[in-house]
Structures are given as structure tokens and as C-alpha cells.
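J.: Each chain is listed here by its residues.
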Amino acid sequence: MSDVPLDPEQRQSEPQHRDTSAQPRRNFLEWLLGVVVAVSALTFVAPMVAYLSPRRTRKGTNVLMGSDGRPVPYKELNTNPVVAGVGVNGEPTLVVKYSGEVRAFSAVCTHLGCLVKWNAAKSEFLCPCHGGVFDANGVNVSGPPPKPLKRYKVFATAEGEIGLEEVRA
Amino acid sequence: MPIIRPVLNWIDERLRIHAIIRATLTEYMVPANLTLWHTLGFVLVTCFVIQVVTGMLLLVYYVPDTGRAFDTVKFITNKVPYGWLIRDLHAMTSHVFVLAIFLHMASTLWMRAYRTPRELQWITGMILLGLVLAAGLSGYLLPWSQLSYWATTVATNAAGSIPRIGHTLVLWIRGTPNVSQYTLGRFFAMHVSIIPFSILAVIGMHLLFLRLTGIAVPGGEDKATVRKVPFFPHMVTKELASVFGTLILVNLLIFYFPQVNFPEDALIPANPLETPAHIKPHWYFLANYQFLKIVPNEFLGIILQVIVGVVLFFLPFLDRGKKSSRLYDGVFYTVVTLAILGYIGLMVWGYYS
Numbered sequence: 235m236s237d238v239p240l241d242p243e244q245r246q247s248e249p250q251h252r253d254t255s256a257q258p259r260r261n262f263l264e265w266l267l268g269v270v271v272a273v274s275a276l277t278f279v280a281p282m283v284a285y286l287s288p289r290r291t292r293k294g295t296n297v298l299m300g301s302d303g304r305p306v307p308y309k310e311l312n313t314n315p316v317v318a319g320v321g322v323n324g325e326p327t328l329v330v331k332y333s334g335e336v337r338a339f340s341a342v343c344t345h346l347g348c349l350v351k352w353n354a355a356k357s358e359f360l361c362p363c364h365g366g367v368f369d370a371n372g373v374n375v376s377g378p379p380p381k382p383l384k385r386y387k388v389f390a391t392a393e394g395e396i397g398l399e400e401v402r403a
Numbered sequence: 045m046p047i048i049r050p051v052l053n054w055i056d057e058r059l060r061i062h063a064i065i066r067a068t069l070t071e072y073m074v075p076a077n078l079t080l081w082h083t084l085g086f087v088l089v090t091c092f093v094i095q096v097v098t099g100m101l102l103l104v105y106y107v108p109d110t111g112r113a114f115d116t117v118k119f120i121t122n123k124v125p126y127g128w129l130i131r132d133l134h135a136m137t138s139h140v141f142v143l144a145i146f147l148h149m150a151s152t153l154w155m156r157a158y159r160t161p162r163e164l165q166w167i168t169g170m171i172l173l174g175l176v177l178a179a180g181l182s183g184y185l186l187p188w189s190q191l192s193y194w195a196t197t198v199a200t201n202a203a204g205s206i207p208r209i210g211h212t213l214v215l216w217i218r219g220t221p222n223v224s225q226y227t228l229g230r231f232f233a234m235h236v237s238i239i240p241f242s243i244l245a246v247i248g249m250h251l252l253f254l255r256l257t258g259i260a261v262p263g264g265e266d267k268a269t270v271r272k273v274p275f276f277p278h279m280v281t282k283e284l285a286s287v288f289g290t291l292i293l294v295n296l297l298i299f300y301f302p303q304v305n306f307p308e309d310a311l312i313p314a315n316p317l318e319t320p321a322h323i324k325p326h327w328y329f330l331a332n333y334q335f336l337k338i339v340p341n342e343f344l345g346i347i348l349q350v351i352v353g354v355v356l357f358f359l360p361f362l363d364r365g366k367k368s369s370r371l372y373d374g375v376f377y378t379v380v381t382l383a384i385l386g387y388i389g390l391m392v393w394g395y396y397s
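Quick mapping for you: the protein sequence lines, in order, are chains A and B. Residues in the first sequence are numbered from 235 upward in steps of one, following this note's numbering. Residues in the second sequence are numbered from 45 upward in steps of one, following this note's numbering.
Some hints could be false.
Here are the simulated lysine-lysine pairs, BS3-like style, with alpha carbons at most 27 Å apart [what the hints assert, rightly or not]:
#, chain 1, residue 1, chain 2, residue 2
1, A, K387, A, K331
2, A, K384, B, K324
3, B, K324, A, K356
4, A, K381, B, K324
These are calculated hints, taken from the structure and not from any lab test.
Can you make the complete structure from the sequences, with help from the hints?
T.: Next comes the structure, spelled out in C-alpha cells:
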């Protein structure tokens, strides 16, 4: 192996002997190396993405669960006009008896996710965080909330619990 | 001890520690007109060290489980010897950390020290600001109190207003539709590993860029003609004075103003079925919170804040050139003054609203 001269001028004056026929092979090897590194990275990244992917709760019909983690009996509405619990998809839910009708709404304010409270005196839902107000139909009437509360169909299940079903808009 | 000198010499021959000390302390020349105000960078490093040390100690007893987190924090505070001090130091230093980085960035902005060749210092500074705020947000949830639960709910929900991807983004941040055990796990991992290691790496880059470009000379004096002094002892004594000043501030907060970090809702365990009235974020998010309240459209409120962030991030590429006209300078300083006053005004408004 010949020594490369340290003096740059001396190096420039020497004739350049480069094997140009090796260039396509070199390009191919560089490309192949890139592919191998990319595939290797993907084999690490894909499981990581799956590992971090959010947990989705089940959808569809559900029953209202109380703060004690047990289903709330439908007859509870006979003594209590407002029942709070966890409903469809684990969403905090308010079941309200209003004008003889039982209505259920997601308690999650559509502004920034605080939980609304039923104000029986004014027949409206009020968000304690930013003062959003929804009427008895869950429609946003004042404050920052951009859309109505999510509404559920309410029914008594065969086991006598408060059943909820998402109402598709 | 006769053995120590040969051992030190043996180590020095291999690691050249004396040469490094000379290059970074006694032979490192800095402008003589640097004041205490220019020691904020060292204050930030001190805050980071305090956070790491106290954070490691808190990890000994803290359990990131929704059923136990609040009780373990209570246990640290009430039962572990000096646990209250370690916890308070960690919590209060986080406030001083944010305050110092705000002042450091505002000072750089006012001096326009982000201009060529210090663009990368500004950008790493902006990344550090984001990381420190993220550390504050993620650490807020860990005690699993009413305050932490609902402040995190509101803060993470803000991302939901982005059209199309907002809902998915919130889901990925929280791990579940609502703030839950999965959210606590994610925030805990970010708070104790991802964010601190990132901060350490970015501080390293920031200091490297600082050494490569040199410290900006205050008052616009010429770098070549300004009088210079060795970093040690001149600047080191100033840095130490700032560090002790910082420690005094932290201790004043711990002993005289504990309610800064522990309002009533911070003393009640999280209840996902009951939102407390008038929940508010920490002071350093109050301006963003109030801005979201006063802008009628939530998406617009977030987009405007993102635009401000992007403009600040790329400021070195927007405010170019060493010399500018008096009119340009006048407009620049008017805008910066109004922006800083507006930010403080929103913060105060958010506090009293």
C-alpha cells in the first residue's frame, strides 16, 4: 500500500487513477445499506408504535356504572332526579329526569373536557371550568363550548339497570 | 498523603484534567461587562441539577398507580423524614426553573443575541423552554390530586380542537379517551426519563454552541475590542451569587408561600366524576389558558398560539443582519415590549378571572 503524500499541492499534482467501473457497484451497495438500515429501524419502530397505541374501550350498548363500580339500578331515578356515573366508552354520564322524561348526556363539556353539572333551578347544564352553559336538551347556549353534549338513549335493562345507547347524529 | 499526588498525576496524564480546567475556567476569557443578569444560564443548570437529585429521591417512595399515587405522595410529605422538604424543593424549583428560562429567553430576545452566528443557541434554547414546560405539565399529573387530574384533562383536551387529527392526538397523549392509569404511566415515563435525558442532551448542545460562538457582548460593544477577564474567578463568583440567590428564592417559596404549589384542590385525591370549580393551570400556562378563553373559536386560539411559537422559534432567520435602521429597531422593540406586556397581562387576567 503506497503512502498518500501529506502536502496537498503534491497530492494535486499526482495523476488520479480511479476505477470508474466500480462506481455502479458502490452506488448499489450504498443503496442496499440504506435499505438494510431502514428495514432494521422499522422492525424496532413498528412494535414501539403498537406498544404505545391508545387503549380503546368497547362501543355500543352499555349500562351506567356508579362511583362504586357497580351498575346503577333504574329505580334509583324514582328517588333521585339526577344520577351520575360512568357510561358508554367509560364516559362520565348524567342521567336526568326532566319534565317526566328520562334523558342521558355525556357529562364531558365539549370545550375542554371538564364535567358539567345539572342546575335543576335553571334547567341547564353548567361547566364549572369556563362557564359553558347547555340547555335541558344538551344544546350549547352560551360560553365557549363549540357543540352540544353527546346524548344517549336511556332504557331499563332486563336486570333492572340503567341502560345507555349512543345516539348517532 | 503522599499517595494522592501520584494517583492524581496518573489520572491527569490520561485525561488531561488540568488542561481542561485551564481551558474552561482560568484561561477562558469572557467580556468584563457581564453582570448578574447574564448568569441565568447557570441558574438554569442549577435548577436542573436540583430537579434531578430531588426527583431521584422522590422515586424511592412514589408509585405511579392511580390507586396509590396520591397516598404515596402523602406518605412522602407526612411520614418520610424530610420528605416534605424534598417534595417541596422539587415542586418549588420547577417554578423557579420556568421563571429563569422565561427571563433568560426574554433577555436574549431583548439583546437580540439570537442573531448570526448564535441561531442554533436560540433554537436549542427554544427546545429547552418547550421541554421544561413539558416537564412541568407531565409532573403536574403525578400526585393524582383533583388539581392534577382536571388541569391535565383541560390541558390535553386543548389538542382536541385541531380539525381531523385532534381526537386521535388526544387519544395518543392520554392513552385512553379519558385521563386514566394509562395517562399516568405515559406522563410518568416522560417526566422521569424521556424529558430529563432530552433536557440533558439539549443543554450539552446549547453549551457546545456557546463555546463555539462565544458569549454575546452586552451593550453592543465590539467583540474584538471589549475588555475581557478570565471566567474564573470573575464570572464564577457572580454565578455563585446567583445560585445562592436562587436557593434563597426557592426556600422563601417553600417556607412562606407553600400555597403557590399546593392550593386546596391539590390536597384532595383525584375524582374523575367531580370537576372542582374554577380549576386553573400553573401560572406559566395562565396566559395560554386565558387566551383560549377570550378567543371565541378554540381552534383559532390554538393556531394563533402555534403561530407565535413558530415565529419565535425561527426568529433568528426573520430578524437578520447585524445593522438595522432606527425605524426597524423602533418597530422591533415596540412589538417585543407589547408582546411581553400582553403576555404578563393575560397571565394576571387569567389569575383573577
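J.: For each hint, tell me whether it holds in the structure or not.
T.: Evaluated hints:
For a cut-off of 27 Å, the pair hint linking K387 (chain A) to K331 (chain A) stands: about 13 Å separates their Cα positions. Among the hinted pairs, K384 (chain A) with K324 (chain B) is consistent with the structure: their alpha-carbon atoms are about 25 Å apart, no more than 27 Å. This hinted pair checks out: K324 (chain B) and K356 (chain A) have alpha carbons roughly 26 Å apart, not beyond 27 Å. Proximity of K381 (chain A) to K324 (chain B) is assessed by CA-CA distance (about 22 Å); at most 27 Å being required, the pair is judged to hold.
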